[in-house]
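Chemist: Residue-level listing of the chains:
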Amino acid sequence: MELDEMLRGGFMEGDAVLLAGSAGTGKTTLALQYLVTGITRFGEPGIYVTFEELPDQIYRDAKNFGWDLRSLEEANKFKLVCTSPNLLLESGTQTILDEVIKELPAKRIAIDSLSHLAMYVQENQLRQEAYRLVRHLKTRELSSLLLWEVNQTGGSSFSVTEIGLSFLVDCIVVLKQIEIESSLRKAILIQKMRGSDHDKRLREFEITPGGFKIESAFSEYEGLMTGSGRKVASEKFVELFRGASGKTKSR
Amino acid sequence: MSNASETLARLLASEIRGDLLVLFHRNPGLIDTLDGVARRIGRTAATIEQDVNDLINLGVLKTRVFGKSQALLLDRERDREILETVAAHIKDTREGETL
Numbered sequence: 001m002e003l004d005e006m007l008r009g010g011f012m013e014g015d016a017v018l019l020a021g022s023a024g025t026g027k028t029t030l031a032l033q034y035l036v037t038g039i040t041r042f043g044e045p046g047i048y049v050t051f052e053e054l055p056d057q058i059y060r061d062a063k064n065f066g067w068d069l070r071s072l073e074e075a076n077k078f079k080l081v082c083t084s085p086n087l088l089l090e091s092g093t094q095t096i097l098d099e100v101i102k103e104l105p106a107k108r109i110a111i112d113s114l115s116h117l118a119m120y121v122q123e124n125q126l127r128q129e130a131y132r133l134v135r136h137l138k139t140r141e142l143s144s145l146l147l148w149e150v151n152q153t154g155g156s157s158f159s160v161t162e163i164g165l166s167f168l169v170d171c172i173v174v175l176k177q178i179e180i181e182s183s184l185r186k187a188i189l190i191q192k193m194r195g196s197d198h199d200k201r202l203r204e205f206e207i208t209p210g211g212f213k214i215e216s217a218f219s220e221y222e223g224l225m226t227g228s229g230r231k232v233a234s235e236k237f238v239e240l241f242r243g244a245s246g247k248t249k250s251r
Numbered sequence: 001m002s003n004a005s006e007t008l009a010r011l012l013a014s015e016i017r018g019d020l021l022v023l024f025h026r027n028p029g030l031i032d033t034l035d036g037v038a039r040r041i042g043r044t045a046a047t048i049e050q051d052v053n054d055l056i057n058l059g060v061l062k063t064r065v066f067g068k069s070q071a072l073l074l075d076r077e078r079d080r081e082i083l084e085t086v087a088a089h090i091k092d093t094r095e096g097e098t099l
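Protein chains in written order, with this note's numbering: chain A, 1 to 251; chain B, 1 to 99.
These are calculated hints, taken from the structure and not from any lab test.
Every value quoted in this text rests on a predicted model; they were computed, and no experiment measured them.
We put the beta carbon where it would ideally sit given N, CA and C, even for glycine.
Hints may contain errors.
Selected chain B positions facing chain A (Cβ under 8 Å, derived; list incomplete) [unchecked claim]:
(1) Ala-4
(2) Leu-8
(3) Phe-66
(4) Gly-67
(5) Arg-78
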C-alpha cells in the first residue's frame, strides 16, 4: 500500500509503532488493515487487543471493508482479545497475551489503545508501563502498532511528543483532520522513523471501501499541522494571476 | 425436572445472567475482570457477582489468574456442550408438544 511507499518499504520487523490521531481519523481501520495485510500477503498471524470496543463491533466494522476476521480467527491466523488495561498491567510474568502469542504464533499485534492504559495508571507511571509493554512485545519479536488517541480541538495543534512516549517507539505515524476551505480533510504524516529516510510530507488520505488510500501531499497549503491550512503565498499569487487573466479573456 | 431443563432454567434465571450470556457469546474473545465485565453490560461488580458465580458453577464461564487479578472468560468447550444439550431438550419438548 501507499503507506509502505511513505515508509520507504514498510514498517521494520519487530518495530514498535505509535499510531496517533484524534477520534474518527481511522486509527482502528489502519490497525486492522495492517494486521489483515500481514496475514493475507505475508503469512504473519496477528492479534488485535481492544480495551474499549467490543469484538462484535470490530468484526462488523471490518466486514464493511471486506475483512472477514471471524474466518481468519477460525483459520487460527488472527485473534481478537478484549480485556481491561489493568488486567494486562497486572499480569505479572505470564501476561494475558502470552498464550495467544504462542498459539498463533503471532508476528504482529495492535493495541487499541495506550490512551486507555493511561486511564489506569498515574501520569508519572505511564511511560514506565508503556515501556514495559513495548519491551514485552519486542522480546517476543512482535511488530506492534500502539494506538494513541489525541485530543484535537478545533484549530489547535497537537504534539505526540508531549505525552513522553516518542522515545519508546521506533516510528510515529500521525493521523490528522484538517480544515481546508471550510471542509474537513484527513492527513497522514510519518513524524519519526528510526533508520529510514521516510516521506516527510503531510499527505492526504481517504478511507475507501477497501481501506486506507493515501493520496498526494498537500503541496499547495501551509499551516496544516495547526489543523487549519491556508494556501501558500505563491499559490495565492498564481490564483490571483489566473483570475486576472480570466477577466481579460472574458472581455 | 430433567437435567437439560434445569440447566436451561438456571441459564435464564435472571436478566443479568441473560446479559452475561449474550455478552460472552457475541464476544468469545473477551477476557476481563469482574469489574470490567460488569462495566461492559452497564452494571456494577457487586450486582453481577452472584450471577457470574452461577455461570462458573454451570461451567459456562471459567476463571484464570493473571498476577494479582482474576479474569473471567467463556469456557468454549463446556459452553458448546451445554448449548447442544439445551438445544436437544428444546427440540424434544417441541416434538412432544406436536405429538
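Chemist: Compare the structure with each hint and give your call.
Modeler: Verification of the supplied hints:
no. : hint   : verdict
1   : Ala-4  : violated, 28 Å
2   : Leu-8  : violated, 24 Å
3   : Phe-66 : holds, 4 Å
4   : Gly-67 : holds, 3 Å
5   : Arg-78 : violated, 18 Å
Violated hints, in rising order: 1, 2 and 5; the structure is consistent with all others.
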